[in-house]
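Residue 103 in the working numbering sits at position 99 of the sequence shown, and the numbers go up by one each step.
Keep in mind the hints are simulated off the structure, nothing from the lab. We put the CB at the ideal spot given by N, CA and C, even for glycine. Some clues are possibly wrong.
Simulated restraints, written as ranges between beta carbons of each label pair [unchecked claim]:
#	residue 1	residue 2	range
1	Leu59	Glu244	22 to 28 Å
2	Ala25	Gly200	23 to 29 Å
3	Gly288	Phe79	25 to 31 Å
Think about it this way: if two alpha-carbon atoms lie no more than 25 Å apart in a straight line, the pair counts; the simulated SDA-like pairs of lysine to any residue are [as the list claims (entries may be wrong)]:
#	residue 1	residue 2
4	Lys123	Trp133
5	Lys120	Arg313
6	Lys125	Pro317
7	Lys123	Gly78
8	Lys120	Ser257
9	Lys120	Asp33
10	Lys198	Pro50
11	Lys123	Asp96
12	Lys120	Pro81
13	Lys125	Gln217
14	Lys198	Glu56
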Amino acid sequence: MEVPCVRVPLEDGETTRRELADADLIADDYELTVDDGSLYVPVTDPAAVSDEFELVTRAVDERETQTTPADLLGFDPTYERLGEAVLLDEDDGDRAREISDALFQSDLPVETVLNKASKVKGETRVRDWDLLAGEDTEVVHREYGSEFRLDLAEVYFSPRLATERHRVAEQVTADERTFDMFAGVGPFVVPFAKRGAECVGVDINPDAIEYLQENARRNGVGDRVTALCDDVRATASDYENWADRIVMNLPHSADEFIDAAVTIAGDECVLHYYDIQHEDDPFGPGERVIRRAAEPAYEVTVETRHVVRSYAPHELNVCLDVRLDRSTALRN
């Protein structure tokens with residue numbers, strides 16, 4: 005069967021395979037193939053593969069079927085993977101335990117199973133979990149070559165946003181000054197720093213800041229990361245006119261922090277503004293908020309209107325990539 009594959013010279017095969025595995029992009033249903041000095045690695049999502057790799061389509065053999073939870077349950081359970089933890093969202097406790105048992109009896113690499121016991125709540129956006137299997141709620145997650153340690157009971161983290169974080173990180177260049185206003189454990193900050201940027205990450209959750217500092221060291225970029233535990237509105241004046249790039253990933257209430265973002269923005273700055281809006285006008289409210297706060301001091305140019313994912317019926321999680329240019333505004 006013909007499937008999308010990354011083709012690399014055989015001598016680079018193991019490094020490439022590991023990087024694609026860290027990004028959870030290897031299509032496990034197909035065999036890796038060696039042909040004429042090249043390794044072909046089947047991938048699940050060609051659009052998420054870094055531009056540094058060569059993508060081709062070729063025939064590869066299907067892998068022998070492994071035992072899956074669905075084989076054991078008779079139905080296909082819904083779950084998320086985070087490292088070797090599996091995250092469930094089941095209202096029925098008996099069903100959750102049945103799925104947990106099947107996960108451990110399957111061929112999937114699983115160490116921990118957690119079931120959501122509450123919605124995201126509070127200022128720090130954490131939730132309660134039922135620990136169905138494993139020792140605790142701490143996990144190690146690998147994403148596009150970076151590694152993050154975190155405790156799901158103490159910090160907010162969404163594995164669903166890996167592709168979006170990678171999209172933004174690929175825009176970062178060396179020597180940029182980047183500012184993440186709601187940094188969490190560092191899933192934007194760490195990849196930015198690995199690309200050579202100087203990074204400031206702010207979060208109101210002290211546990212998140214501790215993990216951010218650890219993850220910066222874990223990935224070898226501690227010297228390029230400043231982690232601050234505070235409300236970003238209180239620290240904005242310390243970084244006035246500083247940033248070349250700002251991330252605002254707090255989609256339910258980013259508008260409350262837009263004045264702080266404008267304060268932090270340098271003369272030329274790219275703003276990644278995340279929002280959740282109705283599908284009839286997903287981008288308009290965010291763009292209007294940014295223009296009200298930034299104009300006329302800045303010329304505001306929306307470079308990308310990007311749908312990240314569906315959030316709820318008729319609601320979209322979106323991102324506006326916006327360029328703020330003070331020098332152009334002055335010339336006008």
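Exercise for the section: Check each numbered hint from earlier against the structure, then list the numbers of those it violates in ascending order. Expected result: Numbers 1, 3, 7, 9 - these are the hints that the structure violates, sorted from lowest upward.
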